[in-house]
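Line by line, the protein sequences are chains D and Z. Take 1 as the starting number for the first sequence in my numbering and just add one per residue. Take 1 as the starting number for the second sequence in my numbering and just add one per residue.
Hint data in this document are derived by calculation from the structure and do not stem from the laboratory. Beta carbons are placed, not taken as given, at the ideal position from N, Cα and C, and that holds for glycine. Mixed in with the good hints, there may be bad ones.
[Stated by the list, open to error] If you only want the chain D side, here are some residues facing chain Z, beta carbon under 7 Å, derived:
(1) Leu21
(2) Asn41
(3) Thr58
(4) Leu62
(5) Thr69
(6) Gly73
(7) Pro74
(8) Asp77
(9) Val158
(10) Thr159
(11) Leu162
(12) Leu166
(13) Val167
(14) Leu171
Now for the letters of each chain:
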Amino acid sequence: MNVTIALITLRSMLSRRRALLLFLLPAVLLSLAAALNITDNTEPGTAAGVLQQFALATLLPLLALIAGTGVIGPEIDDGQIMYILTKPIGRHVVVLTKLVVAIALVVAFAVVPTLVAGLLLRGTATGLAQGFTVGVLAAGVAYTAVFVALAVASRSAVTIGLLYALVWESLLAQFAPGARSVSIQQWGLSIADAITSSSAVEATVRTPVAVLLLAAVTVAGTALAVMRLRTLSVASAE
Amino acid sequence: MTTGTIHDIGYRHYQGRRLGRSYLLRSLYVHNLRSAWGLGRPARAKVMPALLAAIVLLPAVGSVAAVALAGEADALIRYSAYPTYLQPVISIFVATQAPVLASRELRFRVIPLYFSRPVLSLDFVLAKLAAMTTALVLLMATPITVLYVGGLVNKVPDAGAHLRDFSLALVGVLLFAVVLASIGLVVAAFTPRRGFGVAAVIAVFMLSWVFVQIVQGIATARTQFDLAGWLGLLTPFTLVDAVQVRLLGAERAGGAVPPGALGGLVALLVCAGVVALSIAMLHRRFRRGADL
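Required output: the full structure, derived from the provided sequences and hints.
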């Protein structure tokens with residue numbers, strides 16, 4: 001961890017329009033949850049649907065994508081990363097710092113809103129809010145590690161990330177059940193399922209497997225990012 | 001006291017033909033259309049649009065193959081529903097390519113170079129919108145045409161109805177394209193930083209879609225079908241689908257749509273409003289980008 005890099009990254013992520021996007025996404029989830037709370041639409045099925053479809057399957061991948069690629073992608077693109085890489089700081093320190101900042105952003109803008117939305121919808125009943133909070137946190141860490149690695153490895157990281165999150169995990173999983181077992185979203189859902197006693201949540205992957213896979217993906221993503229950053233060649237911007 | 005004199009030092013004046021506004025407009029349109037597909041840009045920029053177009057085409061080819069092999073005409077995907085079924089991929093295409101058209105010149109602050117030539121700022125914006133619309137029409141009309149031609153080749157019954165559905169679906173595709181292009185370009189023009197534009201555009205499409213799906217689900221569960229239908233106007237794909245269902249006689253593809261011909265008319269008006277508003281916003285944005 002390098003505090004200076006962390007602060008610079010955080011400042012660039014939270015400046016002006018970018019921050020607006022980060023605030024707007026969870027704001028939609030929170031206002032939806034608040035509206036459902038006021039209009040008394042808080043059946044277990046509805047609450048689980050909102051948390052699963054909105055928080056876990058849409059908000060989380062988008063936010064992890066923005067945070068994960070945003071902490072390092074633009075800097076590599078415009079060559080500013082050189083100012084960090086030419087300092088006597090280990091590449092693994094750079095990657096870990098960026099990863100920690102991205103995870104902190106995901107926690108602030110996806111995990112905490114999920115908890116609040118869950119509490120608004122169901123309170124602490126059947127552990128639904130807690131389950132999804134832990135599930136979103138675990139999946140968020142894995143997503144962020146994968147997207148940071150993508151951002152270091154490829155210039156079209158955002159598009160590849162979107163293809164994975166929207167086409168593979170959402171579109172394909174509807175038609176091909178096999179795609180569901182290789183999906184960070186489903187692993188996160190499996191953890192949520194293990195914690196909550198609500199029957200409205202049903203996962204296809206067994207929880208120990210899910211935990212193991214999430215940890216493996218996180219470690220592999222981080223390691224890949226470090227390796228790619230060691231041999232990074234900076235070309236000119238598009 | 002001496003007065004200055006201006007000497008003619010022999011610069012040649014341009015005496016050729018002036019090509020005029022329509023030439024300018026056409027040049028800008030062609031340039032933007034090419035760059036939307038990555039033509040005239042490095043090979044790296046061609047990969048993504050080509051890959052996404054291939055993914056969009058895949059189900060159509062698969063569907064035609066199913067008709068050819070199994071001989072079941074029902075296996076043909078409905079033309080009008082195709083864009084809604086492929087919504088995530090089409091959204092990603094808009095998200096990755098709209099910033100190419102709307103963000104790059106703003107990011108590199110080269111707008112003044114355009115407007116120091118006789119280019120009207122409105123023409124500049126219209127050319128971009130028309131180019132993005134055409135790119136999207138190409139993306140969506142190709143698989144639908146493959147479906148139709150595949151159906152013809154395999155001699156599916158009721159050719160007249162197929163021709164009617166196909167041509168109405170093409171009208172729908174045009175409407176899809178112009179609405180998606182408008183929204184995509186506006187969002188991209190207001191988030192010029194690389195990567196963020198893509199995320200912002202996709203966020204608008206996907207969040208509004210999931211939001212509407214959830215709220216419509218609740219409204220339907222409470223048997224408020226009209227309310228559920230009107231809520232469909234809040235997300236682009238269902239908005240255009242409403243016009244298709246209510247005015248073009250298509251079957252519903254995604255979420256609920258507003259009732260009656262009135263619902264279709266209102267949806268069409270909303271589409272027109274979205275397009276007009278985004279032209280105005282883009283115009284303002286690029287005029288401001290022209291200030292140094």
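Do the hints match the structure? See the list:
no. : hint   : result
1   : Leu21  : holds (5 Å)
2   : Asn41  : holds (5 Å)
3   : Thr58  : holds (5 Å)
4   : Leu62  : holds (5 Å)
5   : Thr69  : holds (5 Å)
6   : Gly73  : holds (5 Å)
7   : Pro74  : holds (6 Å)
8   : Asp77  : holds (6 Å)
9   : Val158 : holds (5 Å)
10  : Thr159 : holds (5 Å)
11  : Leu162 : holds (5 Å)
12  : Leu166 : holds (4 Å)
13  : Val167 : holds (6 Å)
14  : Leu171 : holds (5 Å)
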